[in-house]
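Here are the chains, one letter per residue:
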Amino acid sequence: MRSQDQIQKLINQYSFTLDSGDLKGFAALFKEASWHFDSSDPVHGSKDLYDQVLTRVILYKDGTPRTRHMSTNLDIRVDEEAGKAECQRYVVVVQQADDFPLQVIYSGEYFDEFIRQQNGDWRYSKLTIRKPLFGDLSRHLLSRLS
Amino acid sequence: MQYSDHDQILELLNRYSFTLDGGDLEGFAELFTDGEWGMEGSMHQGKEALLAGVLSTVLLQPDGTPKTRHISTNIQLEIDMEACIATCKRYGLVIQQTADLPLKPIFSADYFDTFSKVDDVWCFKKCELKRAFVGDLSHLFSQQLA
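Residue numbers (the UniProt record's numbering), protein chains in the order written: chain A, 1 to 146; chain B, 1 to 146.
These are calculated hints, taken from the structure and not from any lab test.
Being a predicted model, the structure only gives us computed values, none of them experimental.
Check the hints yourself; a few may be wrong.
[To be verified] Straight-line Cα separation of at most 30 Å, DSS-like style, residue types lysine-lysine; simulated pairs: (1) A/24 x B/130; (2) A/131 x A/84; (3) A/9 x A/126; (4) B/89 x A/61; (5) B/89 x A/47; (6) A/84 x B/89; (7) A/131 x A/24; (8) B/104 x B/89; (9) B/130 x B/47; (10) A/24 x A/47; (11) B/89 x A/31; (12) A/131 x B/89; (13) B/130 x A/9; (14) B/125 x A/9; (15) B/89 x A/9; (16) A/84 x A/126; (17) A/84 x A/47; (18) A/84 x A/31; (19) A/9 x B/126; (20) B/47 x B/89; (21) A/126 x B/89; (22) B/89 x A/24.
[As the list claims (entries may be wrong)] Here are some of the chain A residues that sit facing chain B, going by a computed Cβ distance under 8 Å: (23) 9; (24) 70; (25) 71.
Idealized CB from N, CA, C, for every residue including glycine.
Please put together the full structure from these sequences, using the hints given.
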């Protein structure tokens, strides 16, 4: 698989794991990576990401957060020689729950950074979320990210 | 210009939205001449069944369109060149604005597409919608979909 395709797959995994309620799978993407939300302290590795961020995610009867993290405007740049890649993209999150009509609850600018491993596979090294736009997150998170 | 298999399939995904949102319901149905479309557990096989079962209930506004946009994101496309089969998972979000309805998301789902290549041309075999978030569809359909 081309580097570009592998990276796009990782970015899709970010949404597919989270939105299907596979929080462990989501955290695993950041095994050797850090997750930065705006100006808050960065979170390093799967365990901290799970404990500090993902435990706040509200899961519904179907085992999912009833969200879709939709990625658009993907701008992927691969430096094959350096074994590094980055992507800038927009994210819009929609949600619909029992007593909560379908709506846009959040949007941000996402900056993904990737490293190519010894075996040739790419992995996340860092994700930075900037310029968040907040809608009604009361049905998604138990406490607001700061 | 020579289009890659990947590009040809993305073109089909775009035609899915462009025909529907352009009010070309016949053109949309034609995409499923040899395919099936539907919500999980309620599939419509072939063009005529799709026109009679679903598209006949689509409300067209004075400009001849449903005033919707079917937005596809997070496209994860896997092509098996040997078997001439491709599968795709993607997110769909439908937004709508009419004279009586302010702009808002009215529907979202996980879309699972299957394509096959026959006589060197890719075509839809299946498009199945799962985990639907249903908003206000009263301006898109004249009756509730079964």
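Each hint, compared with the structure:
1. A/24 x B/130: Judged against 30 Å, a Cα distance of about 22 Å means the pair holds.
2. A/131 x A/84: 24 Å, holds
3. A/9 x A/126: 16 Å, holds
4. B/89 x A/61: Holds. Residue 89 of chain B to residue 61 of chain A sits at ~23 Å (cutoff 30 Å).
5. B/89 x A/47: With Cα atoms ~28 Å apart, residue 89 of chain B and residue 47 of chain A stay inside 30 Å; holds.
6. A/84 x B/89: 27 Å, holds
7. A/131 x A/24: Cα-Cα ~26 Å, so holds.
8. B/104 x B/89: Status holds; Cα separation ~24 Å.
9. B/130 x B/47: The given pair, whose Cα atoms are some 21 Å apart, holds under the 30 Å limit.
10. A/24 x A/47: Holds, at about 9 Å.
11. B/89 x A/31: 25 Å, holds
12. A/131 x B/89: Holds, at roughly 28 Å.
13. B/130 x A/9: With a Cα-Cα distance of about 20 Å, the restraint between residue 130 of chain B and residue 9 of chain A holds, given a limit of 30 Å.
14. B/125 x A/9: Roughly 23 Å separates the two Cα atoms, so the pair holds.
15. B/89 x A/9: 11 Å, holds
16. A/84 x A/126: Holds, because 11 Å separates the two Cα atoms, which is no more than 30 Å.
17. A/84 x A/47: Between residue 84 of chain A and residue 47 of chain A the Cα gap is close to 24 Å, so the pair holds against 30 Å.
18. A/84 x A/31: 17 Å, holds
19. A/9 x B/126: 22 Å, holds
20. B/47 x B/89: 22 Å, holds
21. A/126 x B/89: 25 Å, holds
22. B/89 x A/24: 21 Å, holds
23. 9: This interface hint holds because 6 Å falls under the 8 Å limit.
24. 70: 4 Å, holds
25. 71: Hint holds; residue 71 of chain A Cβ to chain B Cβ min 6 Å, cut 8 Å.
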